[in-house]
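There are 2 protein chains.
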Amino acid sequence: MAVNLTTPNPAELLPVAGVRLGVAEAGIRKADRRDLTVIELAAGSRAAGVFTQNRFCAAPVQVCRAHLTTGGIRALVINTGVANAGTGEAGLASAHETCEAVAAKLGIGAEQVLPFSTGVILEPLPVSRLVAGLPRAIADLRADGWFDAAHAIMTTDTLAKAVSRQVQIGGRTVTLTGISKGAGMIRPNMATMLGFLACDAAVSQPLLQALVKEAADLSFNSITVDGDTSTNDSFILIATGQAGNAEIVEVASADYAALRDAVVEVSIALAQAIVRDGEGATKFMSIAVEGGRDRDECRKVAYAVGHSPLVKTAFFASDPNLGRILAAIGYAGIDDLDVSRLRVWLGNPQESVLVAEYGGRAASYREEAGARIMKHAELTVRIDLARGDAAATVWTCDFSYDYVKINADYRS
Amino acid sequence: MAVNLTTPNPAELLPVAGVRLGVAEAGIRKADRRDLTVIELAAGSRAAGVFTQNRFCAAPVQVCRAHLTTGGIRALVINTGVANAGTGEAGLASAHETCEAVAAKLGIGAEQVLPFSTGVILEPLPVSRLVAGLPRAIADLRADGWFDAAHAIMTTDTLAKAVSRQVQIGGRTVTLTGISKGAGMIRPNMATMLGFLACDAAVSQPLLQALVKEAADLSFNSITVDGDTSTNDSFILIATGQAGNAEIVEVASADYAALRDAVVEVSIALAQAIVRDGEGATKFMSIAVEGGRDRDECRKVAYAVGHSPLVKTAFFASDPNLGRILAAIGYAGIDDLDVSRLRVWLGNPQESVLVAEYGGRAASYREEAGARIMKHAELTVRIDLARGDAAATVWTCDFSYDYVKINADYRS
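Chains as they are written, first to last, in my numbering: chain L, 154 to 565; chain C, 154 to 565.
If we strip away everything but chain L, and leave its shape as in the complex, we get (with noise of 0.2 Å):
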C-alpha cells in the first residue's frame, strides 16, 4: 500500500559510465531470492558517505569508515538478511573478510571494499555463504544493473527505489543513477535504510565529501517513519569521473551548482520513496516550517510533528486534528516560541488553507475545508515561526492498524 509510489521502469534506469552492478542468491537467509550484490567501481573513481550516528553501529558500517579513510575504492558488497550488528568482535571478522573474498576475486586491495549488510540485529553473518555467492555476483556485472540490484537489496520493502537523472556540467552530460531501501528507517529486526547514489562527473573529493553530507542533510535526514534509527543506515556517493567534464573543484562554481541540485534532487527521490513505502503508510505528508531562527530549530519543529503518533493517527484518520499539531508544535523544545505569532496551514497539491493563527483556530478556518484536503494522499502541515528566515522539510507517512500489525505480528 505504498503511497504513489511504483517500480520503477528498468529502461528508465540509465547506466552510470564506470559502474557495473551484479547479483546473486547466496541463500544468507532464505533461499531462492537474491541477496547480494556486488557493485563494481572503475579505477579513478571516488566515494564518500555519512552513516548511522546509532552508538550501536553494525560491523559493516565500522568497516566502511575505515575505509573511506584510506580512498581508492573499487567495489561495494551488500547483503540481505543478516544485519551483522550487535555481533561483536566476530562481526567485524566476518566485515573485514567479506572485503577480503571480494578484494580476491577483483584483484584489488581489501580495503578498496566497502561492505554493507542488512536484515536481522544480533544474528552471525554467514559469511561462508555470501563468499560463496560472490563468483556468481561477480560473473553478474553488468552496467544495466541497477533495476536487478534495487531489487536485490531489499528486504521487507514492498517495491524497488531507483532513480535516475541527467544533467549538463561544463558541456558533458553527468548521468545520476541511485537506488535506496528500507521501509521508513526501519523494518521490524530488518532495520536499515540504504542508500547508493552514482554519478559519472569529475569531482574533487573534498567536494564528494561536502556534497554527501549535504545531501544527506537535505533527503535521508529528513525523513522520518518512526523515529527509530537503524544500527546499519548508510548513504554513499560515488563519482567515477568518466563523463568528461573539467574536475570540479570550486564550491562557489556553475559547475558545482549544477551537480549539487541534481545530487539533492535525486537524493530526495530515493528517500521520499522510503516513506512512501514506510510500514503501512496510507499518506505522505511533508511538515514544511519557515520563519525559525536557524534550521535546528524548524527541523525541531519539524520532528516533533513528524514523530507524533497522535498527529500520525489523525492523517491516517483524514482528521485534520488541529490540536494535536499544535500541541506537537508547542513541546518541540523552543522555549521562547511565541504561540500567539505562529501560523499554520494545511494542504495538498491542489489547495492549501490557513488553520490556526493568534493561538488558536484561524477565524476564516471551516472544518469542510480541513476535511476536503485531508483526502487527499499527499499533504503538507506549513509552520510559520515568523520569528527567523531559516527553513526546514521532513516527510514522513501516517500511522496505520497495520504499522502495528507489521511490527507485531513479525517474527523474524
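Hints are computed from structural coordinates only; laboratory data are not their basis.
One should not assume that every hint holds.
Stated by the list, open to error - When the alpha-carbon atoms are kept at most 25 Å apart in a straight line, the in silico DMTMM-like pairs for lysine to aspartate or glutamate are as follows:
1. L:K453 <-> C:D555
2. L:K528 <-> C:D555
3. C:K453 <-> L:D370
4. C:K453 <-> C:E510
5. C:K453 <-> L:E450
6. L:K453 <-> C:D488
7. C:K558 <-> L:E520
8. L:K453 <-> C:E510
9. L:K558 <-> L:E531
10. L:K366 <-> C:D489
11. L:K453 <-> C:E450
We have chain L already, so just place chain C on it with the hints.
Frame of chain L, contents of chain C only:
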C-alpha cells in the same frame, strides 16, 4: 483493558483534614455526566504546583501559575469536556471569570482559586454553564468526596484513579490522599494529565515547593504513553497543616524525609495508574536505567526505549526483541556510550534474565527464557550503562492495535 488497575475502594480513600470536595453535572460538553469539581481548602492551607512545559499551555495553566505566586490558595475548580487551550485572550478571560465566580460563592479572593480544564482543545469554554453549575458543586462539598471527584475529573479514562496513605510524622498521623486523571499523557483531543495530592501535614511553603517538583520528577514526569505532551498537564500538592505536627521547615530532617517518602509513593502510584490505563495498554513496562554518569542521561536512555514504537509493538506481541531495545539505547543520544560494556536484563515480578552484554546477545540467554518472561503483563527492562552511579526509571505501556483504533477513530 487497563493493566492491573481496578476502581479504588471508596472505603480506602481517607479524608484529609481541611479538604472538602464537591461535584456537579454542569453540562460543559455533554449532558448527564459529572464534569465539574470544586475542592475547598481550609484557611492556612498551602499549595504548590508544576505544569506542562508545552508552549501552547492552556489558559487555566497560565492563571494557576499567576495565582500560585501570591499564595493563600483556598479553592480548586476543575472542569472536564473542554480544555480551554488554544483559545487566546477569550480563554484567559473565561478562566478568570471562573475563578471570580468560585471566589464570590466561597467568600474568598479570585486570586485564591486555581482553575483546571481538560477536554477538547480549540473550543471555547462554556463559562456560563460552568458558573451555573457551581452552586450545586459547592452544596455537595464534603470531606469524603474524593471518590466522586476522582470520577468527575475523568475524560476518557476507563477507571478512576485515587490513592491514600498515612504516615507518622513528629508523633502525629499525617494523611495523604490524591487523585489523577489521564489515559497516558494524552487522549485524542481529550489531552491532559491532572494530579491533585492533599495532605494535612504542616510544612513550610519553600519545602512544599521543592517537594512538588521532586515528586513530579519521580512520578508524573517519569511516565510516557506516546511521547506527546498535553497543553494542560498540572500536578498540585496541598498541605492543610491540620495534622498537628510541628511545621516541617528543614530539608535535612526526619520529618521531611517521612513526608517526602509518602508524597513520592502516592505520586508514583497515581502516575503509574495513568500508564496502566494507557490507551490500548496490555503491558505495564518499567524501563530502569542504572550506571549512568547523571540522572539526565539515564532518563534519555529510558525514554528512548520507552518511546520507541518498535519496542512497544514488540512488547504488545510478547516478543523479546532485543535488537529493537539495543538500537533504541544506541540512538538515545549518549555520544560516547561504550556499547561493549553495557548490560540489559528482561524481567517480570517472578524472574529476570541477562539478555545482552559485550555489544550483543548474552551467551547465556535462551529465547525460551525471554518468551516466558514476556508472557507477564508487568515487565521490566533493566539497563546498566556501566559508566557511573546515577539511575532513573520510566514507566510506559505497550503499543497495540487499540492505540491506533482509539486515536484514529476518535473524533471529538
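Checked hints:
About 29 Å separates the Cα atoms of K453 of chain L and D555 of chain C, which puts this hinted pair outside 25 Å; it is violated. Of the supplied pair hints, the one linking K528 of chain L and D555 of chain C holds, its CA atoms being roughly 23 Å apart against a limit of 25 Å. Of the supplied pair hints, the one linking K453 of chain C and D370 of chain L holds, its CA atoms being roughly 24 Å apart against a limit of 25 Å. With a C-alpha separation of about 20 Å, the suggested pair K453 of chain C and E510 of chain C falls inside the 25 Å cut-off, and the hint holds.
With a C-alpha separation of about 20 Å, the suggested pairing of K453 of chain C with E450 of chain L holds against the 25 Å cut-off. For the suggested pair K453 of chain L and D488 of chain C, the alpha carbons sit about 19 Å apart, so the restraint of at most 25 Å is met. A distance of roughly 22 Å separates the Cα atoms of K558 of chain C and E520 of chain L; the hinted pair therefore holds under the 25 Å criterion. Among the hinted pairs, K453 of chain L with E510 of chain C is inconsistent with the structure: their alpha-carbon atoms are about 33 Å apart, more than 25 Å.
For the given pair, K558 of chain L sits about 23 Å from E531 of chain L by alpha-carbon distance, which is consistent with the 25 Å threshold. Taking the CA atoms of K366 of chain L and D489 of chain C, the gap is near 22 Å; set against the 25 Å cutoff, the hint holds. Under the criterion of a C-alpha separation no larger than 25 Å, the hint pairing K453 of chain L with E450 of chain C is consistent with the structure, at around 20 Å.
Hints 1 and 8 from the earlier list are contradicted by this structure; the remaining hints agree with it.
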